[in-house]
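Novice: Listed below, chain by chain, are the residues.
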Amino acid sequence: MSTPAPRAWAVRTGVRRGLTEFRHMLRSPEDVAWNVLIGIAILVYLVTQRGTVVPGSGGLTLPDLALPGILAATILFGMVMGPAFALSAEVEDGTVLRLRTTPRGTTTYTVGMVVGQVLGALPMLAILLVPWPFLLGDPMHQGAGGWVAVVGWLLLGTLATLPIGIVGGALAARPTRVMLFVLAPVVALAFLSGVFGPQTVPAWAAGAVQAFPLYWLAHGLRSTTLPAGAEGLELGGAWHPEIAALVLLAWAVVGLVAAPVVLRRTSARQTASALAHRLQALIRG
Amino acid sequence: MEHTEDAAVRVAGLRMAYGAHTVLAGVDLEVHAGEVVALLGPNGAGKTTTVEVIEGFRRRDAGDVEVLGVDPEHGDDAWRARIGVVLQSWRDHRRWRVRELLGQLADTYRPYSRPGLPRPRDVDELLARVGLTDAAHQRMSTLSGGQRRRLDVAIGLVGRPDLLVLDEPTAGLDPAARREFHELVHEVVDNDGTVVLLTTHDLAEAETVADRILLLAGGRIVADGSPAAVARQVAGPSEVRWRADGERHVHSTHDPVAFTRDLLATGDVDDLEVVRASLEDAYLEIVRRHEAGAAHPDLEVTR
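Residue numbers (this note's numbering), protein chains in the order written: chain A, 17 to 301; chain B, 152 to 454.
Read the hints as simulated data drawn from the structure, not as lab findings. Here the structure is a predicted model, which means the values were calculated and not measured. Hints are not guaranteed to be accurate.
To be verified - Covered stretches of chain A (chain B as the covering partner; in silico rule of three or more C-beta atoms under 8 Å from a C-beta of chain B):
#1 19-25
#2 32-42
#3 116-128
#4 163-170
Beta carbons: idealized from backbone N, C-alpha and C, even for Gly.
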């Protein structure tokens, strides 16, 4: 067998690594139960609200309006919290260090993390979207092409948010700190950005949330799924999919530049003695 | 990168401090082709720090280090591929199965294969060699400490390294597994010419497995040589006891052979006894002093 080019090979082993981690997730009872329970809880709630018409929306139901926000929140939580917790846990248990002992291991690790986390968001999306048309009616009010656009927004949203998770996990470097420094801001952002519809955004927060990707991801999704006329509910009363795309793209570019730098620094700090010190601290409790 | 590799590892004047605490106060050592060298020292002597610098995982404060002809701080991936690393205390990859993980890590070495030096090693053969064939499909989280340690060693070997660096490789192994590990090390050295540097705080292990012992204490290498030579260097003089003219005599000497030869030449000698200094006593004394916090950098090496 001829020897492959190092960089391309590291990416390939990374993809395989990600597939393996995804397989582990699918076989893990806790992970499966978490996805299924949350997904079913959301669906059950929405089914009970299926007849609730949102005032001022021109006859749209609560589930219609909620779908884009739910998808945006799934991406945000999956792509930020998933990598942040995984990375901080794997800094702590030595996984990052183990990969560091192999050639181009940090590339392999990073690609594996990205692939694993992106695939990891699919079960939840499937649990929500596959039964949706049967339980809650066709959510694509601008025609079936909306599904394609939704996929586009979800991919763009993934690019914009996943690096945030990697940077957060690398900087926090401990799962307990991820709770404080990553989870808390993300939950606050989710509330302030109006996950279940623009009407929940408090006036004072409306400007601030527009600096972050969640608002624009939800906005972009709404512009795709909701019918003409629904823009009256938006801040400013109009659709701005091009601004949404640009903001997400800007976050993606900044994130994709910053994440490898931060990750390399964190990885370079991983040494056996650092690991031993952490273990000692754990033992001492 | 193949230039002047007469020494696989060359360290000169290595200094490391954590804050005000000096860990390494000028370490000099070399490891040559075909050698198994044990870096022996009490816990906290700086063994791990030393190997981390050699592995390129830690920046040194001062000193010159060359590993396989390259400064570890500037080692590229091709250099990394030539070094096998077994570190301490891992709890990683808990969801992975044994063969799955070894196969994944093995794959990262494929671009660094050379004619006559196929990388990586065959994963199943290696699992068999470390006695993990039956555990191949077990999850990492279900392995015993000893099984995990054997897998660590397998991971260190999977890239068919030119240099294998192991930090406390047999900690947590039972005596049988420890013996198997020693055999494995010798097999790897004999078959592949791998250079081995390992750390241990266990004198018996150093004596069993190593061609040469480097004794690290007080931030310096205080003795360097075969187990017997190290014993002579650190253990102090031997005692020669004899009777002559009905009287008992005792004499301390660093060269009991020469002294005894001269003594016997004088004729009338009875009850001759040479008591060799014991390396174990000397080592325990060093450990005791070190743990009492009194490890002196200028520990007498040549008395």
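Novice: Against chain B, does the segment 19-25 of chain A show at least 3 residues with beta-carbon separation below 8 Å?
Specialist: holds (count 5)
Novice: Verify the coverage statement for the segment 116-128 of chain A against chain B, using a C-beta to C-beta distance below 8 Å and requiring 3 or more qualifying residues.
Specialist: Per the Cβ count (7), the hint holds.
Novice: Please check whether the segment 163-170 of chain A has three or more residues whose CB lies within less than 8 Å of a CB on chain B.
Specialist: Check failed, 0 qualifying residues.
Novice: Go check the segment 32-42 of chain A versus chain B for me, would you? Three or more residues, Cβ under 8 Å, otherwise it fails.
Specialist: That given contact holds, which follows from 5 residues of the segment 32-42 of chain A lying within Cβ reach (below 8 Å) of chain B.
Of the numbered hints listed earlier, the single one contradicted by the structure is hint 4.
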